[in-house]
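Visitor: In case you want the letters, here they are:
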Amino acid sequence: QKEVEQNSGPLSVPEGAIASLNCTYSDRVSQSFFWYRQYSGKSPELIMSIYSNGDKEDGRFTAQLNKASQYVSLLIRDSQPSDSATYLCSTGTASKLTFGTGTRLQVTL
Amino acid sequence: GAVVSQHPSRVICKSGTSVKIECRSLDFQATTMFWYRQFPKQSLMLMATSNEGSKATYEQGVEKDKFLINHASLTLSTLTVTSAHPEDSSFYICSATDRANEQYFGPGTRLTVT
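Going down the list, the protein sequences come from chains H and V. Residue 97 in the working numbering sits at position 61 of the first sequence; the count goes up by one each step and never skips. Residue 183 in the working numbering sits at position 78 of the second sequence; the count goes up by one each step and never skips.
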């Protein structure tokens, strides 16, 4: 079983819709969770971090964490074509992060 | 967020030569830096963790004598790919953690070995 699992996609949503990206992890002791956005040919960019159960909102992004279910998600409201990218979920500590393979999001006009 | 730079952004070298990649934290001191490799359509794979003033910790399967890491200061870590071969061609990305223990990535270095 992979440590961090994501559906590779592509996830296609129309412009203005909500994109929902999901991630499950296997390590129950994970305390830190991150979502990164990676455009093709570029390095990852941190967009959200979440450390406790519940929701965390930042602009159009909302991260949701459920440690009991070992599940973390990212919602993108009012999706824009510029949101089209691969979204990487990661968990771990300051000394080591484990990444999922990423979900490719396509926002269509 | 914190800014991490890498140099060069792109390098082409001949098989058997060595290549050095620099990673700098520009606006913060990074006690720990990380080196990743990413092949096309694959996820990031951690190669090693670099701590200032001490030897790097390599992940299983990563040859420490082939991928030399030096972390001479709190703002600079270097990765040297020695005797590079075509299979070493990849996207090499460094990252550094800030005081909030969040990892920020450099822009990456695309290495092509011919």
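These are computed hints drawn from the structure, not numbers from a lab. Glycine residues also receive a C-beta, built at the ideal position from the N, C-alpha and C atoms. There's no promise every hint is true.
Claimed, not checked - Quick list of simulated restraints, FRET-style, between CB atoms:
id : chain 1 : residue 1 : chain 2 : residue 2 : range
1  : H       : Glu41     : V       : Arg115    : 42 to 52 Å
2  : H       : Ser105    : V       : Ile117    : 45 to 55 Å
3  : V       : Glu157    : H       : Glu41     : 30 to 40 Å
4  : V       : Glu157    : H       : Ser48     : 36 to 46 Å
5  : H       : Leu111    : V       : Thr219    : 40 to 50 Å
6  : V       : Glu168    : H       : Ser68     : 24 to 34 Å
7  : H       : Asn89     : V       : Thr187    : 45 to 55 Å
8  : H       : Asn89     : V       : Leu173    : 40 to 50 Å
9  : H       : Tyr75     : V       : Asp132    : 17 to 27 Å
10 : H       : Pro117    : V       : Asp132    : 23 to 33 Å
11 : V       : Glu168    : H       : Glu81     : 28 to 38 Å
Visitor: Compare the structure with the hints numbered earlier in the document and write down the numbers of the violated ones, lowest to highest.
Guide: 1
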